[in-house]
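Chemist: Next come the chains, spelled out residue by residue.
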Amino acid sequence: MSAAETSSEQQLQADVERLRVRVDELELELVEVQARANAAVAEWQERAYWLDRWHLDLNALMRRRGAAELRGAVRAVRSVVWWLRRTKRRLSGS
Amino acid sequence: MRTVSAVIPVKNGERYLEELLGALAREGVDETLVIDSGSRDRSREIARSAGVELLQIAPEDFGHGRTRNLGAERTSGELICFLTQDATPCPGWLGAYREAFTLDQRVGAAYGPHLPRADTSPMIARELSEFFAAFAPDGAPVVQRSGDPSFLSNVNACYARACWEEIRFRQLAYSEDQAFGTDLLEAGWSKVYHPGAAVLHAHDYGTVEFMRRYFDEYRGLREATGHVEPFGVPATARHVRREVAADRRWMSEQGVDGAIRARWTARAVVHHAGRRAFSALGSRSERVPPQLRRRLSLEQRGESMNGSAASVPSPLPPQRHVPQKLPAEVYGVVASVWKDGPAPLLDPVPGMAERERLRLAMVIPRFNRGSGGHNTLFQIFMRLERRGHACSVWLADYQRYAPTDWPAVLRQDINEFFAPFKGPVYKGFDAWQGADVAIATGWQTVHPMLQLDHCRARAYVVNDHEPEFYASSTERVLAEDTYRHGLHCIAASLWLRDLLTERYDASAEAFQLGVEHDTYHPRPIARRGDTVVYYARHSTPRRAVPIGLMALAELKRRRPNVRIVLFGTDEVLHTSFPYEHLDVLSPTQLSWLYSEATVGLCLSLTNFSLMPKEMLACGLPCVELAGVSAESIFGSDGPLELAPLDPNRIADALERLLEDQNEWERRSQEGIEFVASHTWERATDEVEAGLRHALRERERIGAEVR
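Residue numbers (this note's numbering), protein chains in the order written: chain A, 42 to 135; chain B, 3 to 708.
Keep in mind that the hints were calculated from the coordinates and are not lab data. Quantities reported herein were computed from a predicted structural model and do not represent experimental measurements.
Below, a list of computed lysine to any residue pairs in the SDA-like style, where the Cα atoms sit at most 20 Å apart:
1) B:Lys424 - A:Arg94
2) B:Lys424 - A:Ala78
3) B:Lys424 - A:Ala81
4) B:Lys424 - A:Ala76
5) B:Lys424 - B:Trp434
Model the full structure from these sequences, guided by the hints.
Modeler: Printed below as a string of structure tokens:
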């Protein structure tokens with residue numbers, strides 16, 4: 042085998058090794074990403090437990106006719122209540 | 003340019019017939035055929051005067067589908083237009099139809115809107131306008147293909163002769179056009195709604211006639227398509243209120259006000275309420291007595307007209323149409339795997355079997371509290387998760403046993419019933435993300451798992467030989483099939499491993515069930531000398547409970563003072579001997595029960611379960627069945643007392659342990675020592691090795707291919 046061929050073979054081996062290392066890195070990254078995604082979904086499932094237990098799909102609920110209006114009405118009532126509390130506090134000087 | 007024939011079935015249609023035939027002549031139709039079925043007015047005379055072809059048939063020979071097929075046969079145009087006797091084409095009608103058939107290569111039919119005549123009631127006028135406007139919101143012609151609405155109306159429709167020859171009208175009392183629309187789309191033809199192909203059309207019925215017509219229409223629709231109109235009083239009230247409000251709005255827009263509007267409002271209430279009621283009644287007409295059915299029908303039709311022999315009384319009982327309830331057949335996923343094969347696996351990556359962390363996705367069947375198989379799975383999977391693997395759980399519930407359980411609830415239940423699992427739980431596979439190893443865990447999970455893509459390998463954790471759970475049945479056949487898909491099996495005993503390799507030629511290795519030693523150990527409670535505890539889970543046939551009860555009855559006969567405790571079931575069993583009943587117990591409660599009892603009895607006709615090991619771990623000698631799977635773990639004279647499937651021999655074994663203190667001591671001590679090394683960590687090691695084996699096999703096959 043000539044020196045040129047040997048050098049070319051070594052170069053090829055080095056490339057293969059470099060690619061192997063890169064694949065290993067990517068594999069590790071993939072598992073890490075999957076683990077993080079799993080953790081995020083699991084955390085969301087913890088939070089959504091009672092919604093799921095009561096079969097409440099809030100998105101579907103809010104798409105129903107009148108839901109947005111009801112929410113608006115609740116917000117309006119809430120703002121009035123808050124205003125009254127603020128005014129009461131102001132008047133009582135607390 | 004294609005030739006056009008028009009076919010008009012007529013009976014007492016003099017009111018609009020002359021206007022209709024004049025419009026056809028104006029539009030330039032090549033051939034017009036009037037089929038009269040017994041008119042007593044001037045209809046035939048009008049047809050003759052107009053110079054069109056007239057075909058007379060007997061009234062009893064008329065049928066909406068049959069007569070139109072006859073008309074198509076008697077004409078020759080490449081396009082065949084069907085009109086009713088009260089539908090007058092508007093200017094541009096024929097041009098629009100000609101255009102419709104150029105919009106797609108496979109246009110089989112076209113139809114146009116029905117415009118209200120000037121004297122049409124506001125309810126009908128609004129309904130017609132809104133109904134047809136919905137087909138073409140932007141006013142342009144629309145091509146409808148499979149999946150689009152199948153609506154087609156022979157009040158005003160045009161057919162390509164080739165399409166009619168292929169499909170033909172069904173012989174239905176009503177709605178032959180709707181049936182044709184459905185058949186046409188299913189056969190791969192398209193149809194076109196063209197807003198320009200309009201006719202003036204209205205049914206000028208009185209209120210009662212309208213109701214009777216709706217009865218007929220929905221009866222026909224039921225016969226043609228199986229549609230059953232829903233009905234409920236609150237829903238009808240809401241519907242009527244909504245429709246009447248829309249009618250009033252429409253009248254305002256049309257400039258109808260004051261007393262006229264009020265009068266029509268009252269009519270609208272009756273119209274919409276009656277329509278709902280009679281439509282629902284029509285689609286359930288088979289429940290109405292024939293005499294009343296005939297009276298309700300505008301056409302005074304008593305019997306169904308489906309089929310060619312409608313006038314011959316059928317010996318068959320009334321048929322009940324059952325609408326589609328499921329998106330697919332229950333085991334459709336199996337048929338799909340058999341037809342298309344498993345999803346291809348990803349190419350192997352060198353070294354993947356040895357990586358420290360793997361992406362593992364476990365597919366599980368539906369579960370309940372106390373499920374031993376699921377407990378095993380989660381004891382192991384929880385530990386795989388703790389070792390750093392990215393783990394997720396997927397419930398395959400294609401049998402829809404758990405329609406009301408949502409994912410977060412399933413996850414909580416897993417944590418409460420089995421073991422702490424931190425990963426996500428999915429129901430179904432809509433969010434499937436791929437995995438290094440997809441793991442099937444029960445026969446119901448194998449076929450869905452085989453369809454999952456983006457997997458590097460697949461494995462099958464086999465808890466038991468599940469075909470034996472069923473008598474000769476579909477389930478048994480499908481369970482057997484799961485071992486024949488080349489999955490690497492990780493079996494829950496040596497006996498099970500050998501069975502899989504010998505009977506199914508499967509690739510398999512074994513793991514030993516572990517014991518939760520923190521829970522199952524001798525508790526500080528006095529050991530009784532008279533108590534036999536029996537796992538009497540009657541709902542699980544493989545537990546051979548009738549045999550166990552016979553053995554206990556025999557024992558009680560021999561030793562009347564023996565105390566018998568049955569547990570593991572909510573059901574209080576009726577027996578020929580008195581006993582103490584305990585429900586399904588928690589692991590901690592079980593450990594106290596085992597620590598207090600004298601002898602345990604637990605029978606399994608298939609693979610060995612966790613329970614005898616847990617009894618042994620609490621120092622409780624236990625009787626199991628000989629000749630099944632226990633010998634593969636404990637040997638024939640190990641810590642377990644084995645007895646054949648014979649009540650007397652089982653009673654012998656129980657009696658021996660109750661009587662012989664030395665034998666009891668030996669079994670108890672050997673049992674504790676034997677199961678000490680049976681831990682879930684060890685089981686997890688063995689399962690993990692099996693998963694890595696599945697990956698290694700993929701690498702090996704990949705290398706061979708390369």
